[in-house]
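Given chain A, put chain B in place with the hints provided.
The lines below spell out each chain.
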Amino acid sequence: DAGITQSPRYKITETGRQVTLMCHQTWSHSYMFWYRQDLGHGLRLIYYSAAADITDKGEVPDGYVVSRSKTENFPLTLESATRSQTSVYFCASSELGTDNSPLHFGNGTRLTVT
Amino acid sequence: LAKTTQPISMDSYEGQEVNITCSHNNIATNDYITWYQQFPSQGPRFIIQGYKTKVTNEVASLFIPADRKSSTLSLPRVSLSDTAVYYCLVGGPSGSARQLTFGSGTQLTVLP
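Chains as they are written, first to last, in our numbering: chain A, 1 to 114; chain B, 115 to 226.
To be clear, the hints were calculated from the coordinates, so they are not data collected in a lab. Wrong hints could be hidden among the right ones.
[Unchecked claim] Partner residues aside, some chain A positions facing chain B, computed with beta carbon under 10 Å: (1) F33; (2) R44; (3) V88; (4) F90; (5) H104; (6) F105.
[Claimed, not checked] Here's a subset of chain A near chain B, in silico, CB distances under 7 Å, partners left out: (7) G42; (8) L43; (9) L45; (10) P102; (11) G106; (12) N107; (13) G108.
A virtual CB, placed ideally from N, CA and C, is assigned to each residue, including glycine.
Just chain A, with the same shape it has in the complex (with noise of 0.2 Å):
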């Protein structure tokens, strides 16, 4: 089935652990997003990617690297961990650079770092 997939699921890490997420869309939208939500902060972008090997940082980059070396996986990877990099992240997809497409979500990573 069509869709953008996470995973894992759940994930529980120590502090200064390496740590990655993935994301896969089989719709070959260009752009795909990096957003954590935490409470009472609602959705904060982290990275977005406008196509492959083209990234940029949203609103909360630091202690998070992306990389997208092809068109449908834009795994995001944090170096060394931290408690509060404790979040749900979701991946989201669109079209955004050839119509108004809305962002597609994945249901998302939940995170701890203990």
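The following block gives chain B in isolation, referenced to the frame of chain A:
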């Protein structure tokens, strides 16, 4: 950035019409207004999108006044399953994707 402001929460009863207003005073000429619905443990889901006047689909209506500085999402005859957080988002194809930031949303609770 077209910052948005919404009420933090609203309560309603089953069968009533619910109107949620979003303020976006510095909306740009080419910006669209999009509303999303989010249930617990799920990603936001697209509800409706508009540019001006009124848009209606099978689940909601969107009212946008001439100055476009606000918009109102209208949910007719809500049910318990409409309990969710509702977000408005302002942006457009000519703007930067970096502008696609969500506000805190409106928690709608539908009571029996």
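Hint by hint, here is what the structure shows:
Interface hint at A:F33: satisfied, since its Cβ lies 7 Å from the closest Cβ of chain B, which is below the 10 Å cut-off. Restraint check, A:R44 versus chain B: the minimum CB separation of about 7 Å is within 10 Å; hint holds. Of the supplied interface hints, the one on A:V88 holds, with its beta-carbon coming within about 9 Å of a beta-carbon of chain B, less than 10 Å. Contact between A:F90 and chain B, as hinted, is supported at the beta carbon level, the nearest pair being about 5 Å apart and thus within 10 Å.
Among the interface hints, the one on A:H104 holds; its C-beta lies about 7 Å from the nearest C-beta in chain B, closer than the 10 Å criterion. The criterion of a C-beta within 10 Å of any C-beta in chain B is met by A:F105, whose closest approach is roughly 3 Å, and the hint holds. A cut of 7 Å between beta carbons decides the hint on A:G42: the least distance to chain B is about 4 Å, and the hint holds. Given the 7 Å rule on beta carbons, the hint for A:L43 holds: about 4 Å separates it from the nearest Cβ of chain B.
Hint on A:L45 holds. Least Cβ distance to chain B is approximately 5 Å, under the 7 Å limit. A cut of 7 Å between beta carbons decides the hint on A:P102: the least distance to chain B is about 4 Å, and the hint holds. At a threshold of 7 Å, the smallest CB-CB gap from A:G106 to chain B is about 5 Å, leaving the interface hint in force. Given hint, A:N107 at the interface with chain B, holds; its Cβ is 5 Å from that chain's nearest Cβ, closer than 7 Å.
Against a cut-off of 7 Å between C-beta atoms, the interface hint on A:G108 holds, since the closest Cβ of chain B lies about 6 Å away.
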